[in-house]
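Please construct the entire structure, taking both the sequences and the accompanying hints into account.
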Amino acid sequence: MCKKSYAIACLLIVLSLLLAACGEAAPAVTETAAPADTEEPAAPADTEEPAEPVDTEEPAGTEEPADPNALPRDQTLYFNGQQWGAVVGWNPYSNNNNNAMAIAQQDNARVIMFETPYLYNMLDGNMYPLLADGDYTWNEDRTEITFKIKPAAKWSDGTAVTADDVAYTWATHIKYETPTGASNKDYIEDIVAVDPQTVVVKAKLDEEGKAVNPLLVSAYLSTNYVIQKAWTETLEERVGGDATELLADTAEDVVYSGPYGKYFADDTKVVYVRNDDYWGQDASMWGKLPAPKYLAHVIFKDNAAGTTALQAGEVDVSQQFNSNVQELWLDQGLPISTYLPEAPYGIGASLPTAFYNLESYGLDQIAVRKAIAIAVDYPTIIANAMTNQSATFEQVPRSLMNPTDGEQALYDHEAVADLQWVGNDIEGAQQLLDDAGITDTDGDGWREYNGQKLSYIATCPNGWSDWQAAIEVVAAAGKEIGIDITTNFPEWSVYQTVVTKSDAPLPEGYDIFMMWSDGAGPTQPWGRIRHLISSEFVGMASNWNGNWGQYSNPDADALIQAIPGETDPDKLKEMYTELVKIYLTDIPSFTLMYRPQSFHTVNESVWTNFPHEGDGTSPPVPPLDLTDGWSIAGLYNLTLVEQ
Amino acid sequence: MKHTFQQFFRSGKFVFGFSIFVAILLLTFIYPLIIPDPPLEIVAQGTFFEPGIYVSVYDSLGTTPHTLNLDGAAAKRIASKLNEEDRLAMKEWLVAAGIPENEIDTADTQKLLDLWMDNYDPTENIPGMTNARRNYFIRLNNSLKGLLSTEGAIIAEVNPETGTLEQVDVITQTDYVNINQVANVRVLPFGTDNFGRDVLTELVAATRVSLVIGFVSGTIATLIGLTLGLLAGYIGGVVDDIIMFFTNLFTVIPSFVLLILISFSIGQEQRGAVTIAVVIGLTSWFWTARAVRAQVISLRNRDHVNLSKLSGHSIVHIIITDILPYIASYVIMALILQISAGILAEAQLSILGLGPRTTVVPTLGLMMNWALIYQAQILGKWWAYLPVLVTIALITFSMNLMNTGLDQVFNPALRE
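Protein sequences appear in the order of chains F and W. Numbered according to the working numbering, the first sequence terminates at residue 643, and the numbering increases by one at each position without gaps. Numbered according to the working numbering, the second sequence terminates at residue 416, and the numbering increases by one at each position without gaps.
One or more hints might be untrue.
[Claimed, not checked] Computed footprint of chain F on chain W; a stretch qualifies when at least three of its residues, placed anywhere within it, have a C-beta under 8 Å from a C-beta of chain F:
| # | segment |
| --- | --- |
| 1 | 35-46 |
| 2 | 131-140 |
| 3 | 187-196 |
| 4 | 370-376 |
[Stated by the list, open to error] If we take Cβ atoms under 7 Å as the criterion, some of the chain W residues that face chain F in the derived model are:
| # | residue |
| --- | --- |
| 5 | Gly128 |
| 6 | Gly353 |
| 7 | Leu379 |
[To be verified] Computed, partial: chain W to chain F, Cβ under 10 Å:
| # | residue |
| --- | --- |
| 8 | Glu85 |
| 9 | Asn119 |
| 10 | Thr123 |
| 11 | Pro127 |
| 12 | Phe264 |
| 13 | Arg357 |
| 14 | Val360 |
| 15 | Gly380 |
| 16 | Lys381 |
For the record, the hints were derived by calculation from the structure and aren't laboratory data. Ideal placement from N, C-alpha and C gives every residue a C-beta, glycine not left out.
Rendered as structure tokens:
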């Protein structure tokens, strides 16, 4: 009996330890996902991948005597807030590398290791050539894009980057059905090399012979890496043409064209070292090498650990939400600064949004939706949840646009001024409900619609602190206007499954729920609007795109359909204005705050000359941590602080 | 029974612990009567307001000003905006901008400011200066505006007809307001937290909830432990084996791990304060059961128990009348320890984010959890977590004191 009980006890201990280990991993996942919520939807899933294959890298690490603990401080730029957990791989075809510093094919692609033909600049909305030579050109019918490859562009093995590489990258994406291939094959027919320097991107055509979506075709050029043909062939040979294996390969031998390559990676640190033969020092590109020899990212346990390192000067560039960031310089007198010297400290790019479940009882009534939306105390959300790191709705009136000047200019502010609200309008909300006949008929203090009490649950993932604080404020507004709103915070693993299931009505408990919207990018604001209100996502079993409240409006759909093919700026403005009107009238969801594309806080103990407002760079370097899109230009401007 | 209670108070330690505990308990009942604000109301727009007395600026304008001519008022005003470090920094900037060092006198505020106003240009790019430093000078420059002015501040109103500003009042530098005359003054002894709630009000409510959690979990744990311990100890045999099998099983598994697993699997929707209390109670009864069993075994073969048995009393009757009274003092001590352990367990769980549902009721653990999430400890916002820590420490300290006090009274080995 005794022996048996011990055996069982031992088994239980082992099990519980295992479970505890899993349990500990879970918070890390939410922490990763929280700051990364503006990234592509696949990101949260990535972080859950077990980090097993990391073992296979060990031998590679010992090949070169890399000592990650002896990096000279004045040659190393330290980051935080990008990499959580150990790097899994270096494979640019895969989405599961968990290698945030090196691989992120997104609106502002991360280009320290792999490079895109063009770099998007969120500050001026332009695309600047990187691997490409000069601007791209559409043909007359807008069905084909032609661009040249820079003669100077070289791979890390010294061979030239050619148009063939671009074409072969696309062919591989299609052949092996990579995530990139899957999301672009509806818009791009083919990418071909006309000669070694010239690439032609052919758009997919609709029945009328026009490009299905020219916007997404041109966006491909700044969002997706060019990968070497020769290396891809080696990879194909290695995996024997198996698509799953191709995506799972850790690609330790990958050939890249960017300025940095792998130096060291384990579960404590990732270090990238400069390739001193980088082609970009050619006069046709940067004309010099980027300043830091090493880029290093210590893998911190959580945000607090990252902030402590930033305070101590052990981190130079922080992509973390540091609450009350101004205290780091005001109270603590540290040499820390953000892109803007005063609140909101950064450039808002995405619109964290509260979606209504339009199937919930009473929420099919515009009056109820509007009443809740105008009663919410947005200044408190911005001051408390975001600690003022968001523009207010007085500064940037609500629409579908982010606060950047480029997007703000895209709609007629006057025309929608009557529809915009700044919140805290309790009386207005009560009036609205009274007029709609939604009143408290049984005297219990809560309003009824057709005799049934209006009672909702507002929700967001547990552990996403700023969202939770925001949702609390939304719930408080309900109580002010006689609508019973309580909050609930499920775990992210549950939340994501429920919210992204758009082929059935949302279950109970998801009446008002928070999700993200697109940030800044070459397809914006069109892409964001599409993701917020287009009905094309209703009915998807796994909907990582948007419109999670399952709103549907044919007028809006028609406008979203038409915008990519429109080139006349006046016409575009008219269409965008109309969309804002529809959005602010129907209120299928409402923006709670503005959030930067990346948080960008720098410590100038070692390095200085980081991008900041009015830094005199032209074109302006955006505050995207010197790794994303055009912001990589900032790496070339860095200098050491004079001691 | 009365005699037993009187014995409690013979121990100085018990009395001391008891007084702390009663004081805390009373506070949780009296405070809400005086300040009836809902504890979770968001009063502040902004996070972590410092402790202090907040006086309505708007209302102080409406009061009659009192003129006080105090020496050093101007010097204080200047010092609050311009300290020694700032003066040296200004000198540094001016030197970098090409002003000869001997012309700069940091002690002469007037001269220094004149020189600064004449020369400072926020757009000037000084080589080697970091952006953080540049921002510092811009802020400093803004705060210096009007520093040496002797004029009052003008209050103006918008004329609704013309839309122009019209002066209605001047506040001179010697005007003072008596706080008692201001309609709206709010004392925030512990400032506000990350949600903008009054920390003291929240703390009092949280203490009450945490005490409830402690009582519920402690009672459950003690009841289960007591029942199983009595049965195992008195009946013995197979019953004892079975009960001790489970007790041993639970003893080897760290109960906190169990607690984490159960709380996690319940999911946040279901996690109310009482649910958490029940879970804590269900995972912390083992040592009580073991200890009670040991006590009972030593009582089992006493003469009075055997007499009872011979008299044909039922097991229940024997346990209640012949065994329980002998271990009652021990059970009470165990209960006190269980209560304090329950309060600690809730705090530990909540810090991990597995505590009761956020913002339905405040608990001590949740307050610390949110202070941690918003990095109060890194930013030096001590008022968001220190009062909570002290409260937890005081409660558990008082309970442990009561426990050792009782031990002194009832344990013959310790009796003086």
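Hints, one by one, checked against the model:
no. : hint    : in the structure
1   : 35-46   : holds (count 4)
2   : 131-140 : holds (count 7)
3   : 187-196 : holds (count 3)
4   : 370-376 : holds (count 5)
5   : Gly128  : holds, 4 Å
6   : Gly353  : holds, 6 Å
7   : Leu379  : holds, 5 Å
8   : Glu85   : holds, 9 Å
9   : Asn119  : violated, 20 Å
10  : Thr123  : holds, 8 Å
11  : Pro127  : holds, 8 Å
12  : Phe264  : holds, 6 Å
13  : Arg357  : holds, 7 Å
14  : Val360  : holds, 8 Å
15  : Gly380  : holds, 7 Å
16  : Lys381  : holds, 8 Å
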